[in-house]
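**Q** Sequence:
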Amino acid sequence: MKGLLINPNSSYEMTSNLKELVSKFTLDNIEIEVIGMKDTPEFIGSKETIAESFNSVKETILENKDKFDLFILACHLDPNLQKLRTETKQIILGIGECSLLFCKMLGKRFSIVGSSEKTVELKNDMVSRYGAEDGLDYIGYPDNESSDLLVERLSDASKKAINNYNSDAIVLGCAGFVDFDSYIESKIDRDVIDGVIVSLMIADDYAKYKKYKNNK
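Numbering-wise (our numbering), the sequence shown opens with residue 5 and increments by one.
None of these hints come from the bench; they were simulated from the model.
Hints may contain errors.
[To be verified] Straight-line C-alpha distance at most 27 Å; calculated DSS-like pairs for lysine-lysine:
1. Lys220 - Lys93
2. Lys71 - Lys212
3. Lys6 - Lys23
Kindly produce the complete structure, drawing on both the sequences and the hints.
**A** Written out as structure tokens, the structure is:
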């Protein structure tokens, strides 16, 4: 099977980081390619930028629906996920949905650490949409939006969630936080969940299950 991981924003740096992550993560049953957009906002963090990203992502999915068995939407807000699912019969995984429901499946209470205060309302809406309110403790964010020492500020925000709410897990609330999970986990002694990784796991296991059924 083949899958296409889509960065719905136009950040070249984020797309490059996602490509690097996919190249390092062991996938036994599916091949994953990574693509970024060129004419969408560089950062998706509002209802307006979510709407602006729809057409390009939809076109990318429709242009590639005969080449790939599934798609992964690599933005933790899962922008337009439900609408996009009506455009194709292929599976579309959202890293937000994957990460939240993974925590619930493990029986863990969680806090989300997102990119900024501006996305908190959208995160709350997403948690409600997926019926995960009973697992959510808190939605936090770094003390400023600068990229300088970002992993340290994310660690501080995660520590705040642990100290104030004793959450079992921290969910990284942005695809731009790839590769931060191990470092933050070492600082807080709690599970840190990266939705990109979880979506790759699900895609690979789905392909494994399909292979098993085909060989019965």
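**Q** Now tell me if each hint is right for this structure.
**A** Against the structure, the hints:
Taken as a hint, the Lys220 and Lys93 pair is honoured in the structure, with Cα atoms around 24 Å apart against an allowance of 27 Å. Between Lys71 and Lys212, the direct Cα distance comes to roughly 19 Å. Compliance with the 27 Å bound is thereby established for this hinted pair. A C-alpha spacing of about 15 Å is found between Lys6 and Lys23, which places the hinted pair at or below 27 Å, so the restraint holds.
Of the numbered hints stated above, none is contradicted by the structure.
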